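Asks: Residues per chain, in single letters:
There are 2 protein chains.
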Amino acid sequence: MGLNKSDLGPFFNPGSIAIVGVPRGGYRFGGMSFLKKLLESNFSGNLYPINPKGQEIQGLRAYPDLSSLPEVPDLAIVAVGARLVPSILEECASIGLTHIHILTSGFNETGTSEGKRLEEEIIFISRERGLRVIGPNCMGSYCPSSRVTAWGAIPGIDGPLGIISQSGGITQRLTEYTCSLGIGTNKAVSFGNGAVLDSSDYLEFMAEDKDIQVIAMYLESVQDGREFFRLAREVARKTPIILWKGGESEAGAATAAAHTGAMSGENSVWEGFFRQTGVIRVRSMDEWVDTIIALALLAPPKGKGVFLVGGGGGNSVAYSDACIREGLDVPRLSDGTMDKLRKSIPIAGSIAGNPLDMFRVFQDPEYLAEILELGYGDPNISMVIVDRLIARKAFHLPDLPDSTPEIIKYLKGRRDKKPTVFTVDSDGGDPELAREGAVRRRQFCVAGIPAFPSLKRAARALAHLFRWSQQVGSAKAGS
Amino acid sequence: MGLNKSDLGPFFNPGSIAIVGVPRGGYRFGGMSFLKKLLESNFSGNLYPINPKGQEIQGLRAYPDLSSLPEVPDLAIVAVGARLVPSILEECASIGLTHIHILTSGFNETGTSEGKRLEEEIIFISRERGLRVIGPNCMGSYCPSSRVTAWGAIPGIDGPLGIISQSGGITQRLTEYTCSLGIGTNKAVSFGNGAVLDSSDYLEFMAEDKDIQVIAMYLESVQDGREFFRLAREVARKTPIILWKGGESEAGAATAAAHTGAMSGENSVWEGFFRQTGVIRVRSMDEWVDTIIALALLAPPKGKGVFLVGGGGGNSVAYSDACIREGLDVPRLSDGTMDKLRKSIPIAGSIAGNPLDMFRVFQDPEYLAEILELGYGDPNISMVIVDRLIARKAFHLPDLPDSTPEIIKYLKGRRDKKPTVFTVDSDGGDPELAREGAVRRRQFCVAGIPAFPSLKRAARALAHLFRWSQQVGSAKAGS
Numbered sequence: 001m002g003l004n005k006s007d008l009g010p011f012f013n014p015g016s017i018a019i020v021g022v023p024r025g026g027y028r029f030g031g032m033s034f035l036k037k038l039l040e041s042n043f044s045g046n047l048y049p050i051n052p053k054g055q056e057i058q059g060l061r062a063y064p065d066l067s068s069l070p071e072v073p074d075l076a077i078v079a080v081g082a083r084l085v086p087s088i089l090e091e092c093a094s095i096g097l098t099h100i101h102i103l104t105s106g107f108n109e110t111g112t113s114e115g116k117r118l119e120e121e122i123i124f125i126s127r128e129r130g131l132r133v134i135g136p137n138c139m140g141s142y143c144p145s146s147r148v149t150a151w152g153a154i155p156g157i158d159g160p161l162g163i164i165s166q167s168g169g170i171t172q173r174l175t176e177y178t179c180s181l182g183i184g185t186n187k188a189v190s191f192g193n194g195a196v197l198d199s200s201d202y203l204e205f206m207a208e209d210k211d212i213q214v215i216a217m218y219l220e221s222v223q224d225g226r227e228f229f230r231l232a233r234e235v236a237r238k239t240p241i242i243l244w245k246g247g248e249s250e251a252g253a254a255t256a257a258a259h260t261g262a263m264s265g266e267n268s269v270w271e272g273f274f275r276q277t278g279v280i281r282v283r284s285m286d287e288w289v290d291t292i293i294a295l296a297l298l299a300p301p302k303g304k305g306v307f308l309v310g311g312g313g314g315n316s317v318a319y320s321d322a323c324i325r326e327g328l329d330v331p332r333l334s335d336g337t338m339d340k341l342r343k344s345i346p347i348a349g350s351i352a353g354n355p356l357d358m359f360r361v362f363q364d365p366e367y368l369a370e371i372l373e374l375g376y377g378d379p380n381i382s383m384v385i386v387d388r389l390i391a392r393k394a395f396h397l398p399d400l401p402d403s404t405p406e407i408i409k410y411l412k413g414r415r416d417k418k419p420t421v422f423t424v425d426s427d428g429g430d431p432e433l434a435r436e437g438a439v440r441r442r443q444f445c446v447a448g449i450p451a452f453p454s455l456k457r458a459a460r461a462l463a464h465l466f467r468w469s470q471q472v473g474s475a476k477a478g479s
Numbered sequence: 480m481g482l483n484k485s486d487l488g489p490f491f492n493p494g495s496i497a498i499v500g501v502p503r504g505g506y507r508f509g510g511m512s513f514l515k516k517l518l519e520s521n522f523s524g525n526l527y528p529i530n531p532k533g534q535e536i537q538g539l540r541a542y543p544d545l546s547s548l549p550e551v552p553d554l555a556i557v558a559v560g561a562r563l564v565p566s567i568l569e570e571c572a573s574i575g576l577t578h579i580h581i582l583t584s585g586f587n588e589t590g591t592s593e594g595k596r597l598e599e600e601i602i603f604i605s606r607e608r609g610l611r612v613i614g615p616n617c618m619g620s621y622c623p624s625s626r627v628t629a630w631g632a633i634p635g636i637d638g639p640l641g642i643i644s645q646s647g648g649i650t651q652r653l654t655e656y657t658c659s660l661g662i663g664t665n666k667a668v669s670f671g672n673g674a675v676l677d678s679s680d681y682l683e684f685m686a687e688d689k690d691i692q693v694i695a696m697y698l699e700s701v702q703d704g705r706e707f708f709r710l711a712r713e714v715a716r717k718t719p720i721i722l723w724k725g726g727e728s729e730a731g732a733a734t735a736a737a738h739t740g741a742m743s744g745e746n747s748v749w750e751g752f753f754r755q756t757g758v759i760r761v762r763s764m765d766e767w768v769d770t771i772i773a774l775a776l777l778a779p780p781k782g783k784g785v786f787l788v789g790g791g792g793g794n795s796v797a798y799s800d801a802c803i804r805e806g807l808d809v810p811r812l813s814d815g816t817m818d819k820l821r822k823s824i825p826i827a828g829s830i831a832g833n834p835l836d837m838f839r840v841f842q843d844p845e846y847l848a849e850i851l852e853l854g855y856g857d858p859n860i861s862m863v864i865v866d867r868l869i870a871r872k873a874f875h876l877p878d879l880p881d882s883t884p885e886i887i888k889y890l891k892g893r894r895d896k897k898p899t900v901f902t903v904d905s906d907g908g909d910p911e912l913a914r915e916g917a918v919r920r921r922q923f924c925v926a927g928i929p930a931f932p933s934l935k936r937a938a939r940a941l942a943h944l945f946r947w948s949q950q951v952g953s954a955k956a957g958s
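Those sequence lines, one after another, are chains S and G. For the first sequence, the numbering used here gives the first residue as 1, with consecutive numbering after it. For the second sequence, the numbering used here gives the first residue as 480, with consecutive numbering after it.
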């Protein structure tokens, strides 16, 4: 775009925001809902609602137009009808307002000639006048540390995550989901049609941001594929990029065209992209979140050998299958480890080895710590998955007190440990079980220890972590 | 085995049960935990704890041995040490007690010569004396209608499900999970090593049971592969069999050997089995449960075209991709339907068609019903997936009252409708969201309407339902 990419800062740290197109009353999605959410988030800068007839809106002084404002705001959120957007852009330019988020939809994505013409006009004006524009047809910028949280988890929490997305709804869910597990978002952008600023611009900006350690992307299309490829490959050498490409199927691609006017691109091209750039490919919200958690919280493992600790014979079989299916190994423990293990495990009713099927690990956190030490000391083992049960009526045991705090305390004292994650299964229609599962997973994650709702999801996330570690290792070796 | 398979009835409807090997006090897994769980379940028949020194255990008169009992019990649960099991079997035979569940482990699955010898002995005695034996190394029979619920969901609920499994832990979770969604289990058996009675015996028995409409199996191995193949193919023509084969990977197969002494068999053989019998293959607990729910609650669809109803542009793209990936279609709506749709949907900010991205469907149950009617009347559509949101702070809307009851009421009045399922996403570390999600999914499922935690899971279950319907259709056409 010829713009200086460091100039995207004001989108995330504006001192003042004008919202163009706030109705005087009522509550609907648009200028009013953005204004109210910014107030609710305690955004500390100046907020200027713009309404031709407005005098006061939500306790704030309203202005008839941008030219009447007492200062030039750092950011304008544009929520007027699509046909009025070009003239608003001209007005922005005339007062020197350069950072604009166009919330309005009704452009390329409609498939109409009117919509396409209007989007062309936006592009033309932005280039001519040097405007930096997010959108149109999107939720814009999000940054909990500066309380720019008019959407997504409100007020959210700051953290290692940077999000670049063509879907506001999906990003809203992602910020809410990760926030519920204590994984904060440093900056997010929902950029919809990407008419002016595109994925490469945001990626370059976030890659240079020292506070962002993991970049999550949801894309339906890319404007300049070659530039995006070059940039993604460069960035992925140091910062993991976890990309969910929407519109993979024909039906999905057709829907993407109606969503953001996207030309999704050939699948084979995208396959090559992932293979050659080292960008991590995910295909669902849960895979996206799980992989983010693993990459944000864990050190790179040295190998793909997993130690499976838990209980239940059938589960041990099923969990082994799940790990292998995801591309991990469930290796035999070394002879030294086995000698130590056999001392504490009866021959009948347990499976001694890897997986380890031993009910005592559920009941006795000190014994679990002993077992984990065996895994950390075993040369065949690079990662550990521990299954945790929540006691319930169906079980054949008197009770199973929650030892999550003790386990967390032990693991926090083992800073040099191999990547260790937990699974807590609480699926189904039992509200108390579901609640308790969420509580425990949150306890672990907030303490910096990944916890997942199923073993398959844990294994899938660790497999992504392992492959990324391999690639970073070889990139370092090659450089 | 040469036994009359209808003779398995007493395992599930015993008038009296002897538990051989109940300690006089304390609580551990084994004879005592089984006795206590049967009492807790309000099993109404006679219960006889057997203990050489016992006089009274848990308020029940205890007997020194089986021969001292005032009647011949219908079922014995054997929980003595492995070495004592053969002599107990002899004692059973001598008093005419023919139905025996051996809970004890320490046989083939240990890999020791002692364990193998003992299992051989069990097989020999059972054949010689005409005993019907479940096990060893397993949880035995489960039947909520007769309160034989010493494990699994306690007391559980009766329903359409029959379960045949080599894992007690996995079956316990399955009964609990389905019970939490209102899907009851008619009969289940955990049969461990399957030394005497094997999968084919249980399958033949359950296939003849009029109360069982869906058969779920977890197997690590099969003794007589040819007979099992023949039988499974025959049964699967009328009753869906949903089979999770554990020990698919090398590591899983090694674990299965340690779990039930299983020889898992070649993967290619199992692939042929699934292809030729029409048995439905699943690979995880969640896929198993989801498929059971779909098969238990839905009529066979005529085609694989799904109407996706919900909202959010990114979700619409992602959901389309997910359906296609699972083998379903997301077809265009017919021209007639599109004409009707366009009347109520604005061009900007929505995606009119299939998928339908229209926020109003979340807010207005009457409008949702109108939309569903369009789908039911469209020749391109065979199934419907409706996404439901739970209102929360992140959303740009004042409130979103729960209209689940209205939706259920509407759907109950549409008996001739196409298969319709719901998704309620409540993943993550937010306990209230998790709780509310479980409540809503249960509301739907209990009303006979499948509800899943994610679209991927809904699509996967419907894909299994569709493929099964195709096969039943062609079997009928061919007969």
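The hints are simulated quantities; they were obtained by calculation from the structure and are not laboratory data. Do not rely on the hints blindly, as some may be mistaken.
With beta-carbon atoms standing in for the labels, derived distance ranges [to be verified]:
1) S:Phe29 - G:Glu852: 52 to 62 Å
2) G:Pro858 - S:Glu250: 37 to 47 Å
3) S:Gly111 - G:Glu852: 22 to 32 Å
4) S:Glu271 - G:Val748: 23 to 33 Å
5) G:Arg821 - S:Phe29: 14 to 24 Å
6) G:Pro858 - S:Ser67: 38 to 48 Å
7) G:Lys896 - S:Glu234: 21 to 31 Å
8) G:Met817 - S:Glu250: 46 to 56 Å
9) S:Pro346 - G:Ala778: 34 to 44 Å
10) G:Arg821 - S:Val446: 15 to 25 Å
11) G:Ala778 - S:Gly111: 33 to 43 Å
Note that the structure is predicted; figures quoted are calculated from it, not measured. We treat Cβ as the ideally placed atom computed from N, Cα and C, and that holds for glycine.
Asks: Decide, hint by hint, whether the structure agrees.
Replies: Going down the list of hints, with the structure as the test:
1. Distance hint check for Phe29 of chain S and Glu852 of chain G: the Cβ-Cβ separation is about 26 Å, which falls outside the suggested range of 52 to 62 Å.
2. A beta carbon spacing of about 20 Å between Pro858 of chain G and Glu250 of chain S contradicts the range 37 to 47 Å that was offered as a hint.
3. At about 26 Å, the beta-carbon gap between Gly111 of chain S and Glu852 of chain G stays in the expected band of 22 to 32 Å.
4. Range check, Glu271 of chain S to Val748 of chain G: about 32 Å between beta-carbon atoms, so the 23 to 33 Å window is met.
5. In this structure, Arg821 of chain G and Phe29 of chain S meet the distance hint of 14 to 24 Å, their C-beta atoms being roughly 21 Å apart.
6. For Pro858 of chain G and Ser67 of chain S, the hinted distance range of 38 to 48 Å is not satisfied, since their beta carbons lie about 56 Å from each other.
7. At roughly 53 Å, the beta carbons of Lys896 of chain G and Glu234 of chain S sit outside the given window of 21 to 31 Å.
8. The given range of 46 to 56 Å is broken by Met817 of chain G and Glu250 of chain S, whose C-beta atoms sit roughly 19 Å from each other.
9. Separation of Pro346 of chain S from Ala778 of chain G is about 50 Å and departs from the stated range, judged on CB atoms against 34 to 44 Å.
10. Remark: the range hint 15 to 25 Å for Arg821 of chain G to Val446 of chain S is contradicted by a beta-carbon distance near 48 Å.
11. Between Ala778 of chain G and Gly111 of chain S the Cβ separation comes to about 36 Å, which falls inside the hinted range of 33 to 43 Å.
Consistency note: the structure conflicts with the earlier hints numbered 1, 2, 6, 7, 8, 9, 10.
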